[in-house]
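Construct the entire structure; sequences and hints are all you get.
Number of protein chains: 2
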Amino acid sequence: MADSAPTVPAALTTDAPLAIHSKQTVDPWNVSGETGADGVVKAINYHTLIEEFGTKKILEEDLVRFEKVTGHRPHRFMRRGIVFSHRDLNYILDRYERGEPFFLYTGRGPSSDSMHIGHTVPFEFTKLMSHRWLQDVFDVPLIIMLTDDEKYLFSESREIEDVQKYTAANVKDIIAIGFDPKKTFIFSDYEFMGGEFYKNVTRIQKKTTLNVAKAIFGFDGDFGAIQGATAFASSFPHIFGSDKSISSKIPSLIPCAIDQDPYFRMTRDVAHRLHFAKPALIHARFLDALQGPGSKMSASIDTSAIFMYDEPNKIRTKINKYAFSGGQVTEEEQRAKGGDTDKDVSYQYLTFFLEDDEELERIRVAYTTGKMLTGELKAKCIAELQVYVKGFQERRAAVTDELVEDFFSQKKLVFRGNPHPIAAAKEEVPEGSSDGPKELTKNQLKKLAKEKMIEEKRLAKLKEKEQKQAGDAIA
Amino acid sequence: MADSAPTVPAALTTDAPLAIHSKQTVDPWNVSGETGADGVVKAINYHTLIEEFGTKKILEEDLVRFEKVTGHRPHRFMRRGIVFSHRDLNYILDRYERGEPFFLYTGRGPSSDSMHIGHTVPFEFTKLMSHRWLQDVFDVPLIIMLTDDEKYLFSESREIEDVQKYTAANVKDIIAIGFDPKKTFIFSDYEFMGGEFYKNVTRIQKKTTLNVAKAIFGFDGDFGAIQGATAFASSFPHIFGSDKSISSKIPSLIPCAIDQDPYFRMTRDVAHRLHFAKPALIHARFLDALQGPGSKMSASIDTSAIFMYDEPNKIRTKINKYAFSGGQVTEEEQRAKGGDTDKDVSYQYLTFFLEDDEELERIRVAYTTGKMLTGELKAKCIAELQVYVKGFQERRAAVTDELVEDFFSQKKLVFRGNPHPIAAAKEEVPEGSSDGPKELTKNQLKKLAKEKMIEEKRLAKLKEKEQKQAGDAIA
Numbered sequence: 001m002a003d004s005a006p007t008v009p010a011a012l013t014t015d016a017p018l019a020i021h022s023k024q025t026v027d028p029w030n031v032s033g034e035t036g037a038d039g040v041v042k043a044i045n046y047h048t049l050i051e052e053f054g055t056k057k058i059l060e061e062d063l064v065r066f067e068k069v070t071g072h073r074p075h076r077f078m079r080r081g082i083v084f085s086h087r088d089l090n091y092i093l094d095r096y097e098r099g100e101p102f103f104l105y106t107g108r109g110p111s112s113d114s115m116h117i118g119h120t121v122p123f124e125f126t127k128l129m130s131h132r133w134l135q136d137v138f139d140v141p142l143i144i145m146l147t148d149d150e151k152y153l154f155s156e157s158r159e160i161e162d163v164q165k166y167t168a169a170n171v172k173d174i175i176a177i178g179f180d181p182k183k184t185f186i187f188s189d190y191e192f193m194g195g196e197f198y199k200n201v202t203r204i205q206k207k208t209t210l211n212v213a214k215a216i217f218g219f220d221g222d223f224g225a226i227q228g229a230t231a232f233a234s235s236f237p238h239i240f241g242s243d244k245s246i247s248s249k250i251p252s253l254i255p256c257a258i259d260q261d262p263y264f265r266m267t268r269d270v271a272h273r274l275h276f277a278k279p280a281l282i283h284a285r286f287l288d289a290l291q292g293p294g295s296k297m298s299a300s301i302d303t304s305a306i307f308m309y310d311e312p313n314k315i316r317t318k319i320n321k322y323a324f325s326g327g328q329v330t331e332e333e334q335r336a337k338g339g340d341t342d343k344d345v346s347y348q349y350l351t352f353f354l355e356d357d358e359e360l361e362r363i364r365v366a367y368t369t370g371k372m373l374t375g376e377l378k379a380k381c382i383a384e385l386q387v388y389v390k391g392f393q394e395r396r397a398a399v400t401d402e403l404v405e406d407f408f409s410q411k412k413l414v415f416r417g418n419p420h421p422i423a424a425a426k427e428e429v430p431e432g433s434s435d436g437p438k439e440l441t442k443n444q445l446k447k448l449a450k451e452k453m454i455e456e457k458r459l460a461k462l463k464e465k466e467q468k469q470a471g472d473a474i475a
Numbered sequence: 001m002a003d004s005a006p007t008v009p010a011a012l013t014t015d016a017p018l019a020i021h022s023k024q025t026v027d028p029w030n031v032s033g034e035t036g037a038d039g040v041v042k043a044i045n046y047h048t049l050i051e052e053f054g055t056k057k058i059l060e061e062d063l064v065r066f067e068k069v070t071g072h073r074p075h076r077f078m079r080r081g082i083v084f085s086h087r088d089l090n091y092i093l094d095r096y097e098r099g100e101p102f103f104l105y106t107g108r109g110p111s112s113d114s115m116h117i118g119h120t121v122p123f124e125f126t127k128l129m130s131h132r133w134l135q136d137v138f139d140v141p142l143i144i145m146l147t148d149d150e151k152y153l154f155s156e157s158r159e160i161e162d163v164q165k166y167t168a169a170n171v172k173d174i175i176a177i178g179f180d181p182k183k184t185f186i187f188s189d190y191e192f193m194g195g196e197f198y199k200n201v202t203r204i205q206k207k208t209t210l211n212v213a214k215a216i217f218g219f220d221g222d223f224g225a226i227q228g229a230t231a232f233a234s235s236f237p238h239i240f241g242s243d244k245s246i247s248s249k250i251p252s253l254i255p256c257a258i259d260q261d262p263y264f265r266m267t268r269d270v271a272h273r274l275h276f277a278k279p280a281l282i283h284a285r286f287l288d289a290l291q292g293p294g295s296k297m298s299a300s301i302d303t304s305a306i307f308m309y310d311e312p313n314k315i316r317t318k319i320n321k322y323a324f325s326g327g328q329v330t331e332e333e334q335r336a337k338g339g340d341t342d343k344d345v346s347y348q349y350l351t352f353f354l355e356d357d358e359e360l361e362r363i364r365v366a367y368t369t370g371k372m373l374t375g376e377l378k379a380k381c382i383a384e385l386q387v388y389v390k391g392f393q394e395r396r397a398a399v400t401d402e403l404v405e406d407f408f409s410q411k412k413l414v415f416r417g418n419p420h421p422i423a424a425a426k427e428e429v430p431e432g433s434s435d436g437p438k439e440l441t442k443n444q445l446k447k448l449a450k451e452k453m454i455e456e457k458r459l460a461k462l463k464e465k466e467q468k469q470a471g472d473a474i475a
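Just so you know, the protein sequences line up as chains A and B, in that order. First residue of the first sequence: 1, per UniProt numbering; consecutive thereafter. First residue of the second sequence: 1, per UniProt numbering; consecutive thereafter.
Honestly, the hints are just simulated from the structure, not real lab data. Incorrect hints may appear among the rest.
Which copy is meant is left open, because identical chains are indistinguishable; a pair holds if it fits in one copy or across any two.
Below, computed lysine to any residue pairings styled on SDA-like, alpha-carbon distance capped at 20 angstroms [stated by the list, open to error]:
1. Lys207 x Ser248
2. Lys182 x Phe415
3. Lys318 x Thr25
4. Lys249 x Ile160
5. Lys207 x Arg158
6. Lys244 x Glu191
7. Lys411 x Gly194
8. Lys57 x His47
9. Lys207 x Glu159
10. Lys165 x Gly195
11. Lys57 x Glu376
12. Lys207 x His275
13. Lys68 x Glu159
14. Lys207 x Glu156
15. Lys165 x Lys244
16. Lys411 x Glu159
17. Lys244 x Gln164
18. Lys42 x Leu59
19. Lys207 x Ile160
20. Lys244 x Asp162
21. Lys321 x Leu373
22. Lys207 x Asp162
23. Lys165 x Asp243
24. Lys165 x Phe353
25. Lys249 x Glu159
As structure tokens, then:
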């Protein structure tokens, strides 16, 4: 009925062997909590991430303002600290208050694996259906990017044709979460690359040298330029018009998992130098893997996650068999001491998927005081997940190719923004809007300092070459 | 009447100060002959380039075969060793003989500077008009690429809008040299990027790591992928159809100045690994700057070149004032010893632009035997250039925006290829078609060896990241 200390498959942890102490790692490719000397992986410490990344914690007062400005009660993800951090959220609220335009941007790297419940978090938070969330609260355009080119470039084995198959499947999964085609544009890089989008890609490439990318990503791929270009309204003239003096001032709000922050830190830095509006961000924590806190679900490890195609029985089996429990070893102990909801994966999942705050609180009290046993807690979790996944599967079955076409089509979008804006106040400059470099963490700034000299030499060399090359036929 | 030893402006020579001995440098950004201990820049040694680059000299027997296969007398550039080197030209002739398709690819980096007569050489050689050359001889599609994105990325100062203005002007200059819109597609990267072209760009990027690019270009820009993608027929489904099993087998023939060979060496290497037909190349030598052998015309130095917008008087003044002479110091000496046509810029220009072989030979004999004085030689050169430049200017004035549209439009092209093919023989594999790495020079292979280890580490890291990243939402 209860589990021993969590053992986390290596693939879910850092590169360091389990038994060896290792620090918490969170970046676009690695996510894992600190591994103690005992080899046990601790839960991700999200407060240290706020410090390390230099983001802002979402405070009670932010929630109060959010409700005041939007007239909507904050989403349970915000109420429960699942969406816990931001960059310039208040600037977006200022704009909404004044009825000034902005848009939402999220995305996904299409992969052969079916999505798991962890993948749905940013989309759930972004979407409007059932829980009626961000896109509906703000009633603004939503742009969803599918990075098929990155999935090809970064894969040793995949061909473009493979990745395009995944794109076709994944887009239906995303649509099944529930978005409004009238105000949503979904694109894949291979389909959309070109025009103003490509121009912005090269603008970013020119401003972010490979060395900056190296400092941020730890390797010299400059793919960030393509993810970055999607954060700029001028990449989408069919939505925001072709007058750059207007579109360049329209910012995006990017709901993303905290591990994606480095990409957009670079984008914010460049936006400043390109005189484009800086994207704002709200960061979600991760849904723990079944194996417990400190691990992240992996699309390639079936036993690490509940997948959106799992049948009800499979969901029951996975939760009962794998969901790490915060309960005590024996029923007696559990009755006496109660369980630990912070460590309990089933409870964590309920905080993500159970809408009713009072019900959740009843469960928390019952479990921590020993009135509720792990089996009962798991049963509640199983029931919630079965409903959630079943709903998804029904919507997924209803997604037609025509609907996909509609989302992909480069059409004008229909959105209202704030129906009752207040008189436009003097434009407030978002905090940190002129602090591009501050977007980098201390370590990255150190790395950059090192790279700077090399970089200047490189530029000098390029300039020289350019002069020599000026106007010469290439062939 | 005669000149002292040539003094070449620094901008036309290598980075080394004039007075210091320096080796010959020829790459896409630097072209200059060896500078002797005396500080005098020697003529480019094209034979050492053939060795260094690993290309093949165009031999008398190649010319004979060319005439036999095409039924056309070799262009004066070939007859006179101006087009002196190739890669797989015989493979292209094999295909032509069998009536198998291929296409011509040339291009230009649009710049603010007006084109000079040096820029026109690859186009003159490629075009069909007046001298009725390659495109007409073969009657195959011609693709002309304008690398506006590269000109933006590699410039410290230019904005995309600037580069696009240059593109609009430069394309009219190119059209004025004379091409057939029915079988020519001209595009700029900013206009054309996307679709199958972008897919091939990423295919090349994936196969050519930054380290390979570094080894070839000496810096880590991977722009070669975009120039490379244009060498593959599958980038142009509107011309070659969307069946890759066919288009991937259609090679290009790239007439280019020898300094551009490194780009396409990389492309040939990658083509092999992508199972695309390798592009073939024919290399032209440079038109010497007015200042003499060993220097290259510069679009940014007016006195280094005859520009296509120079008025007749300006042409006369430039030749009389700046054209380095191979003549003797006094008329008496010239009458006695005769002049040196190898060093004489006016004579060199005549070899490029005077079509009549017998007339050219009469001039050579008269000048080298002292019967002709430098003034008379310059007068003949001036007359030829005035006619050539005037003809260009008249055609340029006639280029309409509608005509430009026609060249830019993605339409089916009309071409016949070989009207009398011989029965298709067994497909001959182009020499070196499986020797991708051999396309690199010794130095580059050395550099590559060094880079290889780093590279393998990088790939291992990427693979690991990929596994972690698989299927994770990017935002």
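Taking the hints in turn, this is what the structure says about them:
1. For a Cα distance limit of 20 angstroms, the shortest separation of Lys207 from Ser248 inside one copy, 16 angstroms, qualifies, whereas the shortest one across copies, 35 angstroms, does not.
2. Only within a single protomer do Lys182 and Phe415 lie at most 20 angstroms apart by alpha-carbon distance; the minimum there is 8 angstroms, versus 46 angstroms between protomers.
3. When the C-alpha separation of Lys318 and Thr25 is checked against a cutoff of 20 angstroms, the pair qualifies neither within a copy, at 27 angstroms, nor between copies, at 67 angstroms.
4. Taking the shortest Cα distances, Lys249 and Ile160 sit within 20 angstroms of each other only across copies (19 angstroms), while inside one copy they are farther apart (35 angstroms).
5. With identical chains, the CA atoms of Lys207 and Arg158 are at most 20 angstroms apart between copies only, with a shortest distance of 13 angstroms across copies and 30 angstroms within one.
6. When the C-alpha separation of Lys244 and Glu191 is checked against a cutoff of 20 angstroms, the pair qualifies only between copies, where the shortest distance is 18 angstroms, while the shortest distance within a copy is 23 angstroms.
7. In this assembly of identical chains, the alpha carbons of Lys411 and Gly194 lie at most 20 angstroms apart whether taken from the same copy (17 angstroms) or from different copies (19 angstroms).
8. Proximity of Lys57 to His47 under the C-alpha cut-off of 20 angstroms is restricted to the intra-copy arrangement: shortest distance 8 angstroms within a copy versus 67 angstroms between copies.
9. Proximity of Lys207 and Glu159 under a CA criterion of 20 angstroms is satisfied inter-copy only: 12 angstroms between copies versus 30 angstroms inside one chain copy.
10. In this assembly of identical chains, Lys165 and Gly195 lie within 20 angstroms of each other by CA distance solely across copies; the values are 16 angstroms between and 24 angstroms within a copy.
11. Taking the closest pair of Cα atoms, Lys57 and Glu376 never come within 20 angstroms of each other, the shortest separation being 34 angstroms inside a single copy and 83 angstroms across copies.
12. With identical chains, the CA atoms of Lys207 and His275 are at most 20 angstroms apart within one copy only, with a shortest distance of 12 angstroms there and 35 angstroms across copies.
13. Taking the shortest Cα distances, Lys68 and Glu159 never come within 20 angstroms of each other, neither inside one copy (49 angstroms) nor across copies (43 angstroms).
14. For the homomeric pair Lys207 and Glu156, the shortest alpha-carbon distance between copies (10 angstroms) is at most 20 angstroms, but the shortest distance inside one copy (28 angstroms) is not.
15. Taking the shortest alpha-carbon separations for Lys165 and Lys244, only the inter-copy value of 18 angstroms comes in at or below 20 angstroms, while the best intra-copy value is 35 angstroms.
16. For a Cα distance limit of 20 angstroms, the shortest separation of Lys411 from Glu159 qualifies neither inside one copy, at 30 angstroms, nor across copies, at 29 angstroms.
17. Proximity of Lys244 and Gln164 under a CA criterion of 20 angstroms is satisfied inter-copy only: 16 angstroms between copies versus 32 angstroms inside one chain copy.
18. For the homomeric pair Lys42 and Leu59, neither the shortest alpha-carbon distance inside one copy (24 angstroms) nor that between copies (73 angstroms) is at most 20 angstroms.
19. When the C-alpha separation of Lys207 and Ile160 is checked against a cutoff of 20 angstroms, the pair qualifies only between copies, where the shortest distance is 13 angstroms, while the shortest distance within a copy is 28 angstroms.
20. With identical chains, the CA atoms of Lys244 and Asp162 are at most 20 angstroms apart between copies only, with a shortest distance of 16 angstroms across copies and 36 angstroms within one.
21. For a Cα distance limit of 20 angstroms, the shortest separation of Lys321 from Leu373 inside one copy, 15 angstroms, qualifies, whereas the shortest one across copies, 100 angstroms, does not.
22. In this homomeric assembly, Lys207 and Asp162 come within 20 angstroms of each other (Cα to Cα) only across copies, at 17 angstroms, whereas the closest approach inside a single copy is 32 angstroms.
23. Proximity of Lys165 and Asp243 under a CA criterion of 20 angstroms is satisfied inter-copy only: 18 angstroms between copies versus 35 angstroms inside one chain copy.
24. Taking the shortest Cα distances, Lys165 and Phe353 never come within 20 angstroms of each other, neither inside one copy (30 angstroms) nor across copies (55 angstroms).
25. For the homomeric pair Lys249 and Glu159, the shortest alpha-carbon distance between copies (19 angstroms) is at most 20 angstroms, but the shortest distance inside one copy (38 angstroms) is not.
Violated hints, in rising order: 3, 11, 13, 16, 18 and 24; the structure is consistent with all others.
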